[in-house]
Each structure stands twice: as structure tokens, then as C-alpha cells.
Amino acid sequence: MRATKRLPNLATAIVLAALVVLPFIVPATLASQIAIFATGALSVAILLGAVGLLSFGQGLYLGIGAYVCGILVRDAGMGLLSALLMATLSGAVLAGLLGSVIVRRHGVYFVMLTLAFAQMGYFAVLAFKGVTGGENGLSGLPRQFDLLGLSIADPLSMYGFMAGAFFLVFLLVQRVIASPFGSVLAAIRENESRSEALGYPVSRYKTAAVALAGAIAGLAGGLHVIFLGFVPPSDIELEMSQRLLVIALIGGIGSPGGALVGSAFYTIVSETLSEIWPRWLALIALLLIGLVLFLPGGLWSVGRRISALFERNTTHD
Amino acid sequence: MTDPILVADAIDVRFGDFQALSGFSLSVQSGTIHALIGPNGAGKTTLFNALTGVRKPSGGSIVFDGHTVTRTSAHRRVHYGMSRSFQVTALFAALTVAENLRLAVQARYAAEGWVFWRSPDRRRDIRDEVDALLADTFLTDRADTRTGDLSHGGQRSLEIGMALAGRPKLIFLDEPLAGMGIDDVHRTKGLISSLRRRMAVLLIEHNMSVVLDISDRITVMAAGRKIAEDVPAKIRTDAAVRTAYLGSTA
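From first to last, the protein sequence lines are chains V and P.
Just so you know, we're using this note's numbering here: the first sequence kicks off at 187 and counts up by one.
Just so you know, we're using this note's numbering here: the second sequence kicks off at 343 and counts up by one.
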């Protein structure tokens, strides 16, 4: 009981420290990308970690968030926060609608449905060229934003904003996991039919979790667009869904802190490797295989093992 | 006699070509222990599944406490006051014993499960109720044990505790004593017997001495049909039952 109470506080401190240190280790633009994809990976992590649902299509919600934010900022002249709020809502609404259908299927059928809807989203973007810009995406977004009187234009202030957004989502996810709602999700993950037998409306809970994950992905999409200054169609491609899943798995889905570790690792490694070898994704694949085989808890669990070691030592004293 | 809490009329359940239950009727009085006995494959668990909403019957009707629940979902029936324990232990193995019970108590408060902004610990009333259930099921000293690490008898007790947490009007117990040691059997028998003051009990159990001892009424099933129903003293001497089920050992 005590350990579970102390651990989240420790995790929060580590994540906060990492966010502060990050722009001093890597260029600020890279640091921003790390924060953005960490946010996206949180949407995968909450589904897989908290409810045990494997989504291969979180890129769809990241994509819709990206387009909604891009269009509202460019064509409707909407401000930063309200556009991001709309991106979040669009992810939540789309995920809630599709989720209410998807959650009725289990296991591999669930995964296939997430995949199929993600593909449909990509083709929809290509089909409605007039709105989405098709393969060219949407460009011409403002490069400078106002946040409550502060200007966000240079790479460092941009990073500050992205890191802040990630941290808020991180706190929210941590809070949700440790709440009564989170305990029901854990119950569903452990034994779905027993949860139903206890009287929990399982489908409704799963739909709510899918909608929450969609909201987080939608926000990540909006953040990405603000950071890039344009909407790349790659945001809604299947590769995005894949990337979020890989980041979440590398970091570890057992704790929301894993998303940041996974994103930092993936982003830095891909940046470094892609300069050396154009087929760097093959190395990421090898790495993922190794991780799944030898470290199923992801990179975050390394820290947990070390802290468990410490705790054992202190209780022995 | 009071009104029956549960009336099932002419229930049919089929799996493909196999007729698991045919025209089965059952009525359970409130405040009584009603046992279902019969050889393996007689359809006892199938009947439980039909009555609790796990498997919808293909024919017949079920009325529970004034509600027609024939086609009602399992979780809705729980809110009407049905609760069950499982034959094959179905607990949240990775969670602690106390957390299993807390989830079961929390399920009764429909809104509590949607609370996402605070810790579950803030509900003192739920915690107190969990403590009482731990005591009822003799699990107080194992509250923080991971459920998967609990002894078989302990898991069976927890199964009953989980069902009790729903504060049901009718509790379905599917072989609650199966695999229990002699001490556990004795304590659990006492627990089940004491339930009749608070609720009706529908019991599937193979331990005949316990069934004959604590039941108010016994229904004997074979091949998806009812072959006898009476008070224990009559069932003990019923010729048809003896040949069909009890054999020469009774």
C-alpha cells in the first residue's frame, strides 16, 4: 500500500526533472518533438496499460486533432488554446463514436478494427483534398502564438509550452489510473466477465477509456501542428499509429512515465541513426524485439527495478 | 409463506443441437436456502447462467423481485439484487484480496466507478464495508495478499465475499465448498447458513451432508430436467432420487 503511494510521487519528480533537463541535453526542437510524441504515446499507454486494449490506430485521432487544429488556426483565426481544445475534443468525439462500436469486439478483432478505421481516416484525408490538402498537407500556419501575453515563437519557448502540455496530460493520466474509474479499468483488464458480473457496464467503461485516449491523441496532433507550422499528412498515416505504439512499448506501459522515456529514446535514436543509415527503422525493429523478449516492462521498468532494490535495502537496515 | 423472490418458468437453453435445459421451472422463496443437486452435466451451471443473464434462454421467462429479467443484461440484474459466485474461481488474480472486495462493493454505487479525480481511499464507508466483508469471510489477515497467491480455500471464501459485497436479495453460489479443506468447509457452511437471515440463497453443491443439513428446499436435476423437489428429509428418502443420483451411498 505504502509503496504504491510513494511511487507515483517519485515518478512525477523524475518526469519533471527530465523535462527541465531535456533542452540542455538535446536541441530544443528535438526536445519539443520528444514531448509531443510522449503525449501521443500516453494515449496508447493508457489503453494498453490501464485497460489492456491494444490500439493500432491511435494515429487516426492524432491525425484528426492535427487537421482540426491546423484548419482552425489557419482559416478561422482561432487562438492557440481554443484550437488545441477543439483538437482534443475532436479526438475524443471521434474515438468515442468509433469506440462504442470497436469495444464490442475482443482480442485480434478489436486490433483489426482499430487498424481498419485508421486506414479509412488516411484515405478520407486523400479523398477530401479541398479541405485537407491531400498529399501536400496544409501549410501557411502562423509561426508565432500568444499565450496569455507570452509570445511563443523561438524553439525554447515552444519547448516550454510542449513540455507543459505533456506534463499536464501526464498528471491527468496518473490521476485517472489511481482513481475509482482507473480501478474499474484495471478490473476489466484483469477479468472482463467478472467485472460485468459485479455489475460494471464494461462496454461503457471501455468506450470512455477509448474516448479519453482519443482526446489525448487529438491534443498531441494539435501540438504537433503548432510546433511544425503545417499539417503533414503523415500525421494520420498508419506509420504514426505504429510509432506511438512502438514508443509506448519501448518506454513501458506499466507507468505513464514510460511514455516520456520511450519518446526520448525513439526520437533521439531515430535522429542519430537516420543520419548514419537510411534503413534505421530496421534497427528500431530489432531493438523492439530485444525489448519484448528481455525487458517486457520497457525502459521505465529499469528504474523501477533499481528503486525496488533500494527499497529492499532500506527495509533490511 | 412469503412471495417467491425468483420465479423461472419453462426455461429452455440449447447449445447448437444439444438441449441443455428443457422447460425448466423453479421458484425460490426469499429468506431460504434452496439447493440444486444432480449429476455432472445435469444443467445446474447452465441454469445459473440463464438466471443471472450470462446466457440468454431460448425460451421461457424469468421474474426477479417484480422485474421481468428474461432478456436483461447481467450487470442490470446485479443492480436489481442478484449476485453470484463462480464454480471456477474467477477473481482479479493480480490485485489484492482487499482490492477485489473493494471493487465488488464499489460496483453497488453506480456513480463511484466514474470518479476519476481522486483516490478510491477517500470513501471511508466503502473501506469499512470491505473490512466487514474480510471479517465475514475469514480473510482479514490476508487483506494485502495478491489474490493469485491465496490458497484454494481462501479463494473460494473470497468468491463468496465478492458475491456478498453486492448486498444481494438473492445470492447464487456455484459449488462454494469445492476443494476446501475440512476446517474451511465447516466455517463456510456456517457462513452460508447465516445468510438466510439477510437474503435468499440458491446453491449448487456436491457435498451432500452439507446440502441436506443447511437447505430449506432441494431441487434435483438430471439431463436438463427437474426430477424432484422437496424438503431435505423427503429428498433423502425419495426413491427416484436415490436411483438417479444419490445411489446407494446416501
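Be a bit skeptical, because a hint or two may be false.
Here are the simulated SDA-like cross-link-like pairs (lysine to any residue), alpha carbons at most 20 Å apart as the crow flies [as the list claims (entries may be wrong)]:
| hint | chain 1 | residue 1 | chain 2 | residue 2 |
| --- | --- | --- | --- | --- |
| 1 | P | K511 | P | R540 |
| 2 | P | K398 | V | G415 |
| 3 | P | K531 | P | D558 |
| 4 | P | K398 | P | H417 |
| 5 | V | K315 | V | S379 |
| 6 | P | K398 | V | E382 |
| 7 | P | K511 | P | R418 |
| 8 | P | K398 | V | G263 |
| 9 | P | K568 | P | G402 |
| 10 | P | K568 | P | H417 |
| 11 | P | K531 | P | K568 |
| 12 | P | K568 | P | L554 |
| 13 | P | K398 | V | E378 |
| 14 | P | K398 | P | A352 |
| 15 | P | K568 | P | S400 |
| 16 | P | K398 | V | K315 |
| 17 | P | K398 | V | R291 |
| 18 | P | K398 | V | R290 |
| 19 | P | K511 | P | A452 |
| 20 | P | K568 | P | S367 |
| 21 | V | K315 | V | I257 |
| 22 | P | K398 | P | A452 |
| 23 | P | K511 | V | E382 |
| 24 | P | K531 | P | A477 |
Derived by calculation from the structure, the hints in this document are not laboratory data.
Note that the structure is predicted; figures quoted are calculated from it, not measured.
Hint by hint, here is what the structure shows:
no.: 1; hint: P:K511 to P:R540; verdict: holds, 8 Å
no.: 2; hint: P:K398 to V:G415; verdict: violated, 55 Å
no.: 3; hint: P:K531 to P:D558; verdict: holds, 14 Å
no.: 4; hint: P:K398 to P:H417; verdict: holds, 13 Å
no.: 5; hint: V:K315 to V:S379; verdict: violated, 45 Å
no.: 6; hint: P:K398 to V:E382; verdict: holds, 15 Å
no.: 7; hint: P:K511 to P:R418; verdict: holds, 14 Å
no.: 8; hint: P:K398 to V:G263; verdict: violated, 55 Å
no.: 9; hint: P:K568 to P:G402; verdict: holds, 15 Å
no.: 10; hint: P:K568 to P:H417; verdict: violated, 28 Å
no.: 11; hint: P:K531 to P:K568; verdict: violated, 25 Å
no.: 12; hint: P:K568 to P:L554; verdict: holds, 18 Å
no.: 13; hint: P:K398 to V:E378; verdict: holds, 18 Å
no.: 14; hint: P:K398 to P:A352; verdict: holds, 13 Å
no.: 15; hint: P:K568 to P:S400; verdict: holds, 18 Å
no.: 16; hint: P:K398 to V:K315; verdict: violated, 49 Å
no.: 17; hint: P:K398 to V:R291; verdict: holds, 19 Å
no.: 18; hint: P:K398 to V:R290; verdict: holds, 17 Å
no.: 19; hint: P:K511 to P:A452; verdict: holds, 18 Å
no.: 20; hint: P:K568 to P:S367; verdict: holds, 8 Å
no.: 21; hint: V:K315 to V:I257; verdict: holds, 13 Å
no.: 22; hint: P:K398 to P:A452; verdict: violated, 24 Å
no.: 23; hint: P:K511 to V:E382; verdict: holds, 18 Å
no.: 24; hint: P:K531 to P:A477; verdict: holds, 15 Å
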